[in-house]
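Visitor: Here is how the chains run, residue by residue.
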Amino acid sequence: MAQFFAYIVHKNGAADDSALELINAAKKIDPSAAVTAIVTGSGADLDKVADEVAASYPEVWKISNDALAYPNAEVVRKALLNNLPSDAVILMPHDTFGMDLAPGLSIKLDSAFVSDVADFEGVDGTDIKVIRQEFSGQVSTHVKVDMSGGAVITVRPGVFQPDESKSAGGSVTDKDAGDVSAKRKYLEVLVAEVGDVDITKSEVLVSVGRGIEDQDNLEIIHELAEAMGADVACSRPIVDAKWLEKSRQVGTSGLTVKPKVYLALGISGSFQHMGGIKGNPFIIAINKNPKAPIFQLADVGIEEDILEFVPELTEAINEAK
Amino acid sequence: MEILVCVKRVPDTSENEIEVNSDGTDIERDDLVYSVNEWDNYAVEEAIQIKDKVGGSVTVVTVGDEESEEVLRREMAMGADNGILLEDDAFEGSDGKGIAAILKAAVEKGNYDLILTGAQADDGAAQVGGMLAAMLDLPYASLVNFIDVSDDKKLKVGREIEGGNQEMNEIELPCVLSIQTGINEPRYVGIRGIRKVASVEIPTHGASDLGLGADAVGAGAAKVKRLDYFVPELGEGAEMLEGSTEEKVAKLIELLKAKGGIK
Ligand SMILES: Cc1cc2nc3c(=O)[nH]c(=O)nc-3n(C[C@H](O)[C@H](O)[C@H](O)COP(=O)(O)OP(=O)(O)OC[C@H]3O[C@@H](n4cnc5c(N)ncnc54)[C@H](O)[C@@H]3O)c2cc1C
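Chains A and B, in that order, give the protein sequences.
For reference, each letter of the first sequence is one residue, going 1 to 321 in the working numbering.
For reference, each letter of the second sequence is one residue, going 1 to 263 in the working numbering.
Everything labelled a hint here was simulated from the structure, so no lab data went into it.
There may be inaccurate statements among the hints.
Ranges between beta-carbon positions, derived for each pair [what the hints assert, rightly or not]:
(1) B/I202 x A/N318: 51 to 61 Å
(2) A/E219 x B/D12: 37 to 47 Å
(3) A/P311 x B/E201: 49 to 59 Å
(4) B/K225 x A/P85: 40 to 50 Å
(5) A/N12 x B/E201: 48 to 58 Å
(6) A/E308 x B/E15: 10 to 20 Å
(7) B/D52 x A/V191: 23 to 33 Å
Pulled from the structure, derived: some chain B residues nowhere near chain A, Cβ distances all over 10 Å [to be verified]:
(8) G190
(9) R192
(10) L256
These numbers were taken from a predicted model, which means no experiment stands behind them.
Even for Gly, the Cβ is constructed at its ideal location relative to N, Cα and C.
Start from the sequences, fold in the hints, and give me the full structure.
Guide: Below you can see the structure in the form of structure tokens.
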């Protein structure tokens with residue numbers, strides 16, 4: 001079988017959670033796989049991450065170059081192409097970096113590409129069978145990937161158990177980045193603005209999604225939150241439409257919240273949204289579609305139209321006071 | 001600036017309950033409401049705004065069938081100047097790489113400075129933009145939520161990364177960008193706007209017009225094949241509250257109180 005690699009995303013000298021998840025993802029394809037971790041970067045942070053990762057991977061390739069100090073996908077791609085064998089099977093997280101790097105890398109390696117994999121269902125010769133979701137998570141598919149000429153695979157963050165054994169005692173090998181000139185230059189990261197209410201500290205969140213349909217309808221959400229003594233949060237489309245501030249958005253490209261109770265109203269339950277909910281809160285979902293994926297993830301579900309249900313709920317709470 | 005925007009006609013997931021057909025070969029396509037992929041619509045709006053600022057033209061292109069024309073016309077009603085339909089039986093069964101190869105051939109028939117795609121479409125793969133860029137040997141940035149066109153040799157672009165932070169980059173033209181939602185506020189398109197472009201000719205190109213052989217596109221070339229659609233077994237799943245609306249309200253209030261959800 002081809003050689004397996006895991007690209008390690010890291011920041012400030014610490015590996016991302018995906019670093020340990022990718023081990024179990026690769027093992028699901030081939031239980032005997034000896035996966036090589038690749039870390040790119042520069043300086044002391046890189047050394048630190050390489051050592052951290054060596055506890056979990058038998059071999060670590062460390063590619064150090066000043067041009068890699070920030071993970072600019074166009075630069076990283078070149079460094080990888082200068083090092084990877086053409087039939088490599090390389091795994092990385094389906095996050096904003098993986099989405100930037102992986103598709104183009106697969107073209108340059110002339111290998112198969114499959115993204116946002118939620119599970120692997122075995123190997124048949126050189127074909128791997130994977131499970132992924134389509135249509136905003138409403139249906140799943142089995143996909144056959146011919147990895148005879150290598151494969152680039154992005155894996156959904158958080159679905160594979162991290163391998164916490166840390167018993168690999170791996171070795172770190174320095175690799176040369178080679179020519180990494182690129183036509184895209186990283187400038188800086190602008191940090192998201194802080195809002196008037198810090199939803200990351202809220203104990204109870206009333207979170208509203210596209211099911212609210214219209215900006216004017218938001219009134220019923222604010223009224224419910226007030227009756228409950230909760231803060232208002234939302235999914236991404238509400239922010240895209242500029243109906244609420246970005247600082248109210250829960251999810252991978254928004255904030256990570258850890259309330260005790262999360263009331264999701266008209267939210268379908270995409271992994272990017274749910275990825276921002278941590279600390280195992282009690283999740284209640286109200287959605288008019290009985291098949292909405294959020295009903296698989298919530299503790300309690302109610303199949304109702306929020307436009308009708310929410311005002312009744314608010315009224316009943318206020319009456320009980 | 002000559003801008004090409006790649007768009008796709010997709011079932012609107014916020015309007016439809018997607019169901020799998022009886023033998024799992026496809027989703028139930030009858031009665032589905034289709035629209036332009038949400039991400040693509042932001043890309044077209046961005047292209048039009050850039051054209052309004054610096055001049056040039058906006059062309060929308062799709063790989064699809066006759067029905068995809070409605071999506072091209074909708075985007076032309078928004079302000080795109082031209083539409084191109086790429087259609088051929090030989091395209092059927094293409095994987096992401098196949099679709100990118102078809103689009104690459106269309107790009108090479110024109111002379112574009114900037115190529116935009118949506119960050120992802122209905123299959124959530126987020127692959128075509130990055131593949132297209134690599135095939136064309138052009139620089140690429142994904143999840144773009146800001147574009148500054150004040151220079152005609154390079155753009156300043158913002159990428160939306162984790163936590164809603166924004167990664168600023170300089171990227172040389174020509175380039176390929178995939179657009180994230182929220183970059184702008186797409187304009188409304190009325191029936192009248194669509195009527196206005198109803199009779200505009202939309203050229204159609206097939207595999208031979210594009211110089212594409214069966215080794216590059218279609219099911220034969222695909223290394224990635226969808227085997228079936230299915231609805232996953234619900235794990236634990238939520239406990240569904242049943243009864244009349246009043247009963248559900250009462251049960252919910254009880255639960256909220258027990259869990260500290262009402263202060
Ligand atoms: C890179 C990337 C990052 C992303 N980051 C985030 C993020 O941080 N946060 C985030 O939320 N999303 C994020 N997304 C978007 C995400 O993929 C989904 O598109 C989004 O979460 C959907 O939001 P939603 O559930 O509100 O809308 P939809 O998916 O459209 O769901 C609306 C739901 O409302 C229900 N509904 C409609 N009307 C009613 C009614 N009257 N009563 C009750 N229910 C109703 C529908 O049945 C449906 O289930 C990201 C996407 C990408 C590509």
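Visitor: Check each numbered hint from earlier against the structure, then list the numbers of those it violates in ascending order.
Guide: Failing hints, ascending: 2, 4, 10.
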